Every structure is written in structure tokens, then in C-alpha cells.
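Below are the chains, spelled out letter by letter.
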Amino acid sequence: NAGVTQTPKFQVLKTGQSMTLQCAQDMNHNSMYWYRQDPGMGLRLIYYSASEGTTDKGEVPNGYNVSRLNKREFSLRLESAAPSQTSVYFCASRERGGGTDTQYFGPGTRLTVL
Amino acid sequence: AQSVTQLGSHVSVSEGALVLLRCNYSSSVPPYLFWYVQYPNQGLQLLLKYTSAATLVKGINGFEAEFKKSETSFHLTKPSAHMSDAAEYFCAVRGAPNFGNEKLTFGTGTRLTIIP
Chain A
318 NAGVTQTPKF QVLKTGQSMT LQCAQDMNHN SMYWYRQDPG MGLRLIYYSA
368 SEGTTDKGEV PNGYNVSRLN KREFSLRLES AAPSQTSVYF CASRERGGGT
418 DTQYFGPGTR LTVL
Chain B
19 AQSVTQLGSH VSVSEGALVL LRCNYSSSVP PYLFWYVQYP NQGLQLLLKY
69 TSAATLVKGI NGFEAEFKKS ETSFHLTKPS AHMSDAAEYF CAVRGAPNFG
119 NEKLTFGTGT RLTIIP
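These protein sequences, in sequence, are chains A and B.
One gets the working numbering by counting positions in the first sequence from 1 and adding 317 to each.
One gets the working numbering by counting positions in the second sequence from 1 and adding 18 to each.
Derived by calculation from the structure, the hints in this document are not laboratory data.
Only a predicted model underlies this, so the values are computations on that prediction, with no experimental measurement involved.
Ideal Cβ positions, reconstructed from N, Cα and C, are used throughout, including at glycine.
Treat the hints loosely; a few may be bogus.
[To be verified] Residues from chain A shown here face chain B by an in silico Cβ test under 7 Å; the list is partial:
(1) G359
(2) L360
(3) L362
(4) D418
(5) T419
Kindly generate the complete structure, drawing on both the sequences and the hints.
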């Protein structure tokens with residue numbers, strides 16, 4: 318049981334380049350989330366998927382797109398990277414039901430846009 | 019709408035001293051409240067959560083928090099700090115079930131330093 322996995326761990330892009338951050342969970346959770354973490358700002362929600370086949374915008378969706386490929390996988394795409402997107406990106410999945418409500422986080426992807 | 023305010027972006031305590039990290043929340047619906055810990059270069063790990071059962075919640079590593087509705091607070095405490103407690107701590111709020119509770123809103127974090 319690997320939990321939530323993210324690839325890559327580190328990435329450096331040039332302005333205007335595109336890339337996709339991958340996330341997968343093996344806990345059979347319905348809900349998945351993408352956050353970005355910036356110093357002094359905590360974690361901010363980019364997009365989320367309440368269930369397979371649905372996605373919704375979070376607090377800071379501009380410049381990003383997502384795909385919920387199946388129940389396990391939720392990817393985040395930067396079509397044209399900008400320096401303002403330099404950040405640490407975390408994927409999470411959520412366990413709920415039966416009195417439980419817990420989000421599990423991946424180890425993060427550190428992205429630098431030059 | 020919901021928000022979290024963590025008072026003090028940096029807190030330093032001596033080893034063996036009381037740890038108190040403050041969190042105040044705002045929520046237009048009954049809240050669920052969470053504390054997460056983040057060690058350097060790692061993801062977030064759940065410390066404890068309040069989900070409308072007991073107002074005093076015990077978590078991992080000796081931490082506990084008390085939900086006080088009248089004060090809209092959910093402060094995190096530990097009686098005796100250990101060096102291994104040095105990390106960043108995040109308070110978060112979500113609406114209770116049946117109140118549109120998909121989104122978890124985080125505070126800006128408190129970095130805890132332990133002085134030997």
C-alpha cells in the first residue's frame with residue numbers, strides 16, 4: 318500500500334514550457350485534490366475531483382488544467398509555465414465515511430520555472 | 019465561506035516546555051477542524067481532527083486540541099516539547115457533511131522551533 322504517489326519529485330522548466338504532474342492513490346478513495354504551497358501562504362487548493370469523472374476549480378485554478386483519468390489517477394497540467402508557478406505541489410486523496418474524514422498527502426513535487 | 023487564522027508564524031519553545039499553537043476559525047456552517055504537521059521536505063501528516071464528537075481531541079505524538087465554539091478556536095497543545103516536534107504545523111477547516119464540505123481551507127502555518 319503506497320498511499321499517494323507523485324511524479325516527478327523535482328522539475329525545472331523554462332517560461333512557456335508545458336508539463337504534467339502525475340498523482341496516483343491506491344486507497345480506493347473517491348476524492349482527490351491538487352494544492353500548491355508557497356512560503357507564508359499555507360496550502361491553496363488548485364483543483365479537486367469529488368469523484369471519478371468530475372473536476373472543479375479551487376482557490377487558484379488559473380494557468381492549470383486537470384484530468385481525472387480514473388479512480389486512481391489525477392494529473393495536473395501546466396500548459397505554458399510562468400515564474401509565478403514556481404512552488405511545491407501536493408496531491409491528496411480523501412478517505413471518508415463511517416465517521417472517518419482524513420486527507421492523505423503525497424510527498425510533493427518541487428517545481429521551478431525560470 | 020470558511021477561513022483559518024494561525025497566530026504566530028514562528029514559535030520557539032524550550033525542550034520540555036509546553037507547546038501552544040493557536041488557531042482560530044471562521045465558518046458559516048458547522049466545522050470539521052484538523053491539525054497537520056509537515057517535516058522538512060515531506061508532505062503533510064494528520065495530527066488530529068475534530069469531527070463534532072468530543073471537544074477535546076487527542077492525536078499522535080502526545081498532541082491534543084480543544085474545540086471551543088464560543089471562542090471559535092482550536093488550539094494545539096503538548097505538555098512537554100521534544101526535539102523531534104520541530105516542524106511546521108497547519109490548522110485547517112472544512113464544513114461538516116451535508117454542508118458542502120469538499121474543500122479543506124488551510125491556515126498559513128506555524129513553524130515550531132525547539133530550543134535544547
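> Taking the least C-beta to C-beta distance, is T419/A closer than 7 Å to chain B?
Replying inline: holds (6 Å)
> Should the hint that D418/A touches chain B count as held when the rule is a Cβ pair under 7 Å?
Replying inline: D418/A check passes; min Cβ-Cβ to chain B is 6 Å, inside 7 Å.
> Any CB of chain B closer than 7 Å to the CB of L360/A?
Replying inline: holds (4 Å)
> Against chain B, is G359/A within 7 Å by beta-carbon distance?
Replying inline: holds (4 Å)
> Does the nearest C-beta of chain B fall within a distance shorter than 7 Å of the C-beta of L362/A?
Replying inline: OK, holds: L362/A within 7 Å of chain B, min 6 Å.
Consistency with the previously given hints is maintained throughout, with no hint failing.
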